[in-house]
Structures are given as structure tokens and as C-alpha cells.
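J.: The listed protein sequences correspond, in order, to chains G and Z. Using the numbering used here, the first residue of the first sequence is number 43, and each one after it goes up by one. Using the numbering used here, the first residue of the second sequence is number 212, and each one after it goes up by one.
Do not take every clue at face value.
[What the hints assert, rightly or not] Across the chosen pairs, the derived CB separations fall in these ranges:
#  : chain 1 : residue 1 : chain 2 : residue 2 : range
1  : G       : Glu338    : Z       : Asp287    : 31 to 41 angstroms
2  : Z       : Leu282    : G       : Gly193    : 33 to 43 angstroms
3  : Z       : Ala227    : G       : Asp216    : 29 to 39 angstroms
4  : Z       : Arg247    : G       : Ala321    : 18 to 28 angstroms
5  : Z       : Thr366    : G       : Pro251    : 14 to 24 angstroms
6  : G       : Ala237    : Z       : Pro364    : 30 to 40 angstroms
7  : Z       : Ala427    : G       : Pro200    : 47 to 57 angstroms
8  : G       : Trp92     : Z       : Glu215    : 52 to 62 angstroms
9  : Z       : Met212    : G       : Pro200    : 38 to 48 angstroms
10 : Z       : Pro364    : G       : Pro53     : 19 to 29 angstroms
11 : G       : Ser250    : Z       : Glu215    : 46 to 56 angstroms
12 : G       : Val236    : Z       : Thr313    : 49 to 59 angstroms
13 : Z       : Leu252    : G       : Ala334    : 19 to 29 angstroms
[Stated by the list, open to error] Footprint (simulated), chain Z over chain G, 3 or more residues, beta carbon under 8 angstroms:
#  : region
14 : 139-146
15 : 257-266
Hints are computed from structural coordinates only; laboratory data are not their basis. Ideal Cβ positions, reconstructed from N, Cα and C, are used throughout, including at glycine.
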Amino acid sequence: MTGLAVIRPGPLSLLQDAGRARWQHLGVSPGGPLDVHAAAWANYLLGNPWGTPLVEIALGGVELESTLDTWLALCGAELDITLDGAPRPNWSRFAVRAGQRLCLGFARRGQRAYLAVAGGFRVGAVLGSVATQTREGLGGLHGGGRPLRAGDLLPCAPASLPGMASVPWRFVPDYRAEPGLRVMLGGDAGDFSVAERRRFFAQAWTLSPQSDRMGARLLGEPLRAPARQWSLGVTTGTIQVPPDGQPIVLLADRQTMGGYPILGWVHPLDLGLLAQCPAHRAVCFERVEVEAVQGEMREFYRFFGR
Amino acid sequence: MRLEPVGAEALLLVFAEQPDADLPLRIAALAERLRRELGPLLVDLVPGWTTLLLHYDLLRTDHRQLARRLLPLLEDWYAGPPSSGVGRLHEIPIWYAGEDLTEVARACALSEAEVIALHSGTEYRVGAIGFAPGFAYLGELDARLALPRRASPRTRVPAGSLAIAERQTAIYPQASPGGWHLLGCCPRRLFDARAEPPCPLAVGDRVRFFAIDETAFRAAGGVP
């Protein structure tokens, strides 16, 4: 079998695809990449269809050796990329030959890098997806939800492409910026007082180091949340306000149901910017209407051939 | 009955402010029908205690269009019989030897035997499945056993643990953190990604527990 041999896996490298749809009624998390924008571009650069299996690399520090000739693409966090010691550009595709070593340094800007291979990594799906869910023990290389580790071989087939290609500059986000995350108000928003809603938008929140793939936890002047009792289905991007008044934005590895009061939902494309923020980064929220988000998401899905 | 957009790619149907015994089964029947009739428009349908969340495909529909498609179906569903069936019955063996059994009995001023008799003497309804794959919220626990969640959750509850909190009971399908009180252990697997279906329980199903001893627990494949 040919593929990319994992020499150093980095702190948390996970196989991902478009996520595990159609099983939420049994409590199965949807999973998938935290930054769908960067992940979509990595596949797009190689001509891969939407949701082709790739690797989400948290923080970098990865070393891989190829056993075949193929093409790779990296998008997302800014980190040093070298192939047998020679630099390669981010947000670009490049060729790799059998025996060559790809080294990724530690992320300087952003937190997640996406490594795609021409044709995708060929891994068996669990409940229709290869997305690695470490909490639920689903997906990944052997189906049990394990992150990549040294000695793993990421299976892929040889491929050849006509030449280098890069993402146009205007589509490359600046991960140094303090993001203004666009929010659709709704859910229990009407049960928060006007003053509480104003405070949510007026203050800069700080990203807590307790954040993970399940949720981004924010710290700030606490909000007074109304009570909610009966658990209901939730979506990725939901802003929950638990009794301590510190909002949690649900990310890809979220649970399927929640019982905390809901203030609204973050724009799906802004979740990627949030996931690229290091701990302690300040983030702000601004309002957006559902219809505007829908228009933008349709355009995004159509461009990437979802 | 309310229909509310949930973000840009989901629509929430709210049926009641408070759950009642028949509602889960009725919501499950509606979900089944919507899955059949609206097929590719819907990606995921997630029943809650009093709600049904529809994750829709934004390239095929949106919340306004979907609401228009739903209205005749919902009217029909409302006009229909209170529930189209009684839900499948699952009889689940439990070895009542959980870590918190003694503590629960003390807190409820009952004997351990009385706790077991009350817990296994009730027929439960699956009200929702969530929290973790295959984690079924069962109601309604006898009021004499109702206790608040533990003050500090355990970091690891073993797979198969039968637990109670407030007026609910559930089995943890996988080892996970948890704040409920552990009464016993079930030898059966309640979530297996490779099985069809992966979870034997569905919203609206009925569940009865019966007590087994350690020998029977081990014979049924249980690992204490």
C-alpha cells in the first residue's frame, strides 16, 4: 500500500471529511473540519470533490514521508512548510516524490492547517464518514476515533497534476486580526433583556484556553441568562449561555442536543476564523440577517461543488 | 405550534412548552413521515422532548420554502390519531450493583431492594437520544427516586452504567464523563457503529428493566 508515512504526528492531527451527516437522531456528532473555508480550498486546489478526506493539523509540528509520487496542498494556519528542507508555499499545491519528507513547523498565525492529497486519503468510513471523533471513538484511520500517531500510513494513490497553483490572495484570511464574528440572533434571544443583548455585542470576549473541537468558550463580563429546561437539537455555531453567563460557541465536534439558553448562531464561515484564534485572543460579535448568510453559503457551496 | 429558523440551515418545530407521555412517539412518527416525504431536502432530523429540529440542505430549500411544504403535513399530523402505535417494548437486563445504589437508597430513605423494585417496576418511554451516541433519555422515573445530579460529575462513568437524575434514567453506551447516580450495569451494547441499526432504541420506544445477578450478567457478556 502506498501513502504518507507519519514520522511525527504533531499534537492533534485528525482525518476529516465533510462530516458525519444523517446520524444526529442517534446522538452522533457531525464532526468535520473546524475551518471549512481552509479545508475546502485545500481540496479545491487539487481538483478533489467537496469533502474528500484530508488531515486537520492542530498547531503543526508534523513530519511525513511519502512512499509515492503525488501532489499535496496545504491551507490554513501559517507555518513553515519544507519538502526535503526546501520551502514550499502555504495556500498552494505542490508535487512530492517517493522518499521525500514533508516537515511542518509550528503555527505562527492561525491554529489549524489542512493537508490534502490528490484523490484524497483512502480510508474506510464509519457511519458514512471518515471524520475522526475522539470523544465518540468514531472515524479516523482504523475507525475507532484515534488521532494520527507515529508509524501510521495515510493511504493514497499516485497522481500527477499539470503544475503549481495557489489560492488568490483575496481569499486568504488574516488570522492575526481580531475577528468580528457575524451572529444571527434567535433561539431564546427574546428572553434575554435588551441590555444583556447589547452587552453581548458591545464587549470584546476572550477565547478561553478550555476551548476544544466541541466548543469555543468565551470569557468576559457575564450575561444574565434566562432558564431553559427541555433539551433540544442544536446546530454547529449555536451560542449557548450556561448559568455562569460565559457563552460557548458550538463547533464541529458538538453534541447533538443541548439544554442551555441559546442567544443565536455564528455565521458558518466565521466559525473557521474563530477556530483559528489562539487562546486569549479577543473576539467581537456583530449582527447579520439569516437571508444574507444563506445567500453567502449557497455561493460558497456552489463554488466548491458541494 | 411554532416554526423558528435555527441559523441558516435548520428549522425548529416546537410542539409544546411541556412534554407529555405521548409526545415523543408522535414526534418520532412525524420525523419518520417527513424523512419519507421530504427525502433529500432534509439532512438530519433531531427529536427533542417537545421539539423536532430539521437540518435542511440549503442548496435545495430554505426555512421559508420548507415551512410552506410542512404546513399541510403538519395539519394532517395534528388531525391524525393521538399516536399511531404504542412504541416497541425493550426488556433490558440490569445487574443492580451500581456504585451509588447505597447512597441513593439513603438519600431517598428507602432500602436498596425498594430502590430496585421502584426502578424496575416502571415502564419508561424514550424521550430523546442525545448527549452521546445511543444515550437515550428515559422518562419518567418514580418521584420517590428523583434526586438532583451529583454535585461534581465523575470524569469517567463505565460503559453500560445505568443511571438516574431528576425524573430521568439512562444507560451510558460508552465510557464518558457523567453526573448521574449509578444504580447498576447493563450487559448489552447500546451503540455499535457497525450494527444495523447502530442503536436498538428509538425515540417513542418503551423500556422495562429487569434485575439479574452477577452470574447472569457475566453470562450475558457483561464485564463488571
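J.: The structure should be examined with respect to each hint, and the outcome stated for every one.
T.: Verification of the hints:
no.	hint	result
1	G/Glu338 - Z/Asp287: 31 to 41 angstroms	holds, 35 angstroms
2	Z/Leu282 - G/Gly193: 33 to 43 angstroms	violated, 57 angstroms
3	Z/Ala227 - G/Asp216: 29 to 39 angstroms	violated, 47 angstroms
4	Z/Arg247 - G/Ala321: 18 to 28 angstroms	violated, 46 angstroms
5	Z/Thr366 - G/Pro251: 14 to 24 angstroms	holds, 19 angstroms
6	G/Ala237 - Z/Pro364: 30 to 40 angstroms	holds, 33 angstroms
7	Z/Ala427 - G/Pro200: 47 to 57 angstroms	holds, 56 angstroms
8	G/Trp92 - Z/Glu215: 52 to 62 angstroms	violated, 29 angstroms
9	Z/Met212 - G/Pro200: 38 to 48 angstroms	violated, 57 angstroms
10	Z/Pro364 - G/Pro53: 19 to 29 angstroms	holds, 26 angstroms
11	G/Ser250 - Z/Glu215: 46 to 56 angstroms	violated, 29 angstroms
12	G/Val236 - Z/Thr313: 49 to 59 angstroms	holds, 50 angstroms
13	Z/Leu252 - G/Ala334: 19 to 29 angstroms	holds, 22 angstroms
14	139-146	violated (count 0)
15	257-266	violated (count 0)
Violated hints, in rising order: 2, 3, 4, 8, 9, 11, 14, 15; the structure is consistent with all others.
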